[in-house]
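Student: Protein chains in written order, with my numbering: chain G, 1 to 165; chain P, 166 to 413.
To be clear, the hints were calculated from the coordinates, so they are not data collected in a lab. C-beta: ideal position from N, C-alpha, C; glycine also. Take the hints with a grain of salt, since some may be wrong.
Examples of chain P residues toward chain G, derived with CB under 7 Å [to be verified]: (1) 181; (2) 186; (3) 187; (4) 190; (5) 192; (6) 222; (7) 224; (8) 225; (9) 233; (10) 309.
Ranges of calculated distance between the beta carbons of each label pair, as one might list FRET restraints [claimed, not checked]: (11) 211/P to 105/G: 50 to 60 Å; (12) 196/P to 83/G: 14 to 24 Å; (13) 105/G to 220/P: 22 to 32 Å; (14) 152/G to 200/P: 34 to 44 Å; (15) 152/G to 275/P: 54 to 64 Å; (16) 251/P to 138/G: 18 to 28 Å; (17) 105/G to 250/P: 44 to 54 Å.
Covered stretches of chain G, as calculated for chain P (at least 3 residues, CB under 8 Å) [as the list claims (entries may be wrong)]: (18) 23 to 31; (19) 61 to 75; (20) 125 to 134.
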Amino acid sequence: MVGRRQSSDAESAFEQLYRRYGGLVLRRARRLLSDEQGARDVCQDVFMQMLQSGREVPPACEVAWLYRVTTNCCLNVIRRARRWRRVAQAIGRADVVDPGLSLPMFLRGVPKHLHEVAIYYGLDGMSQDEIGMVLGLSQKTISNRLRELRAVLGDDDQRTREQGR
Amino acid sequence: MRPGETRRFRQSDCPSEFALERLRFGELAASPQEAGLLAHVDRCSGCRRLLAELASSPLPPAPAMHRVMRRARRVPWWRASFAAAGLAAAALALVVGRRPPLDNVTKGADWQWTVIARRADGVVRAVQPGEALAAGDRLRFQVFTRWRRGHVVLVMLDDAGVSPLVPPSGASLPVTGGRQTLLDGAVELDGAPGAERIVLAACDESTTVDAVLRAAKRAFDAAGDASRVGSLGTGCHEESFWIAKARR
Chain G
1 MVGRRQSSDA ESAFEQLYRR YGGLVLRRAR RLLSDEQGAR DVCQDVFMQM LQSGREVPPA
61 CEVAWLYRVT TNCCLNVIRR ARRWRRVAQA IGRADVVDPG LSLPMFLRGV PKHLHEVAIY
121 YGLDGMSQDE IGMVLGLSQK TISNRLRELR AVLGDDDQRT REQGR
Chain P
166 MRPGETRRFR QSDCPSEFAL ERLRFGELAA SPQEAGLLAH VDRCSGCRRL LAELASSPLP
226 PAPAMHRVMR RARRVPWWRA SFAAAGLAAA ALALVVGRRP PLDNVTKGAD WQWTVIARRA
286 DGVVRAVQPG EALAAGDRLR FQVFTRWRRG HVVLVMLDDA GVSPLVPPSG ASLPVTGGRQ
346 TLLDGAVELD GAPGAERIVL AACDESTTVD AVLRAAKRAF DAAGDASRVG SLGTGCHEES
406 FWIAKARR
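Okay, chain G solo, but in the shape it has when bound (with noise of 0.2 Å):
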């Protein structure tokens, strides 16, 4: 009876939680993904971890903490999707090709480190101290980290100016 009891004062909390921010974790993986099924399922495999890992969110950094988590799970959706892609191409199927995303074009030769950096600075033109905050990053690391990103994008800005000639 009282495990009972518990387990629907958890459901209520959890209840609460994902009707305040649903909304916000629904619209940001609409945005990276571009795509509302997607989206969906994101938005499912994030409240999953809040309750499935009893991770508390730190209070005071529930945006914070549902950024990060929602961002992670759009990378894995977008990876999963690149694998599923070369896959289909693989076997000469590209018929079955995944349609491309926007996101996976915006990434296109970052590595893999630096994605959520991007994201966040390139997309999202958060702050460095919103950055450091949402990844739990000292400024020197996401100061680097930026440093890092320009390079491989200035890098890359070149290649493609030299293919144009």
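Starting from the known structure of chain G, fit chain P onto it as the hints suggest.
Tutor: What follows is chain P alone, placed relative to chain G:
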């Protein structure tokens, strides 16, 4: 209005959507950042529009939330497998009727023991099974159990029959689990050459040397030879260690 449309009205010095979300959820309450953001929103129509848009973000459909709850309640397959394996093990233990001796404290073999010899020349070392020892060598025994506690008796079987080793008489020696116990008392080997079998009887409950000796004698009489004796029939865990006594 689509999400992208609002962004067109915003200026380059506008705060990020992340900052506006934090403002909206009250995470910046009473901070200097909040005052700055509010002042900006007051004079920036683009940010006001975006805030209104964020506030009216549609929720994911309700069935999705119920699916999440159902998925969270579901027991993962690996946990279910462990539970099934646990039940099967418990059922097997009931069928076999064997009670585990005591709570275990570490992993590994139930019982381990080492025979330590101090030779006549003063050298002390662990004896290997079957190793030749000589008259006058003194033996001591170190016992380890992974169970929380136990009680041990050591007896010796040779051509002459059965004799007590450690303790020489009385109650068995208690052993604490999880650490090596050097048993009190040493045994000095006599001058009669030949193979000797040392048996460790390790019990859950306290027993006596006499009880182990009686069981060992019955087994010895039935087999007629120390090498042919199987279990002593003490009802305890038993382990044997053979040594060879040689003339010096």
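Student: Are there hints from earlier that the structure breaks, and if so, what are their numbers?
Tutor: 10, 11, 12 and 16
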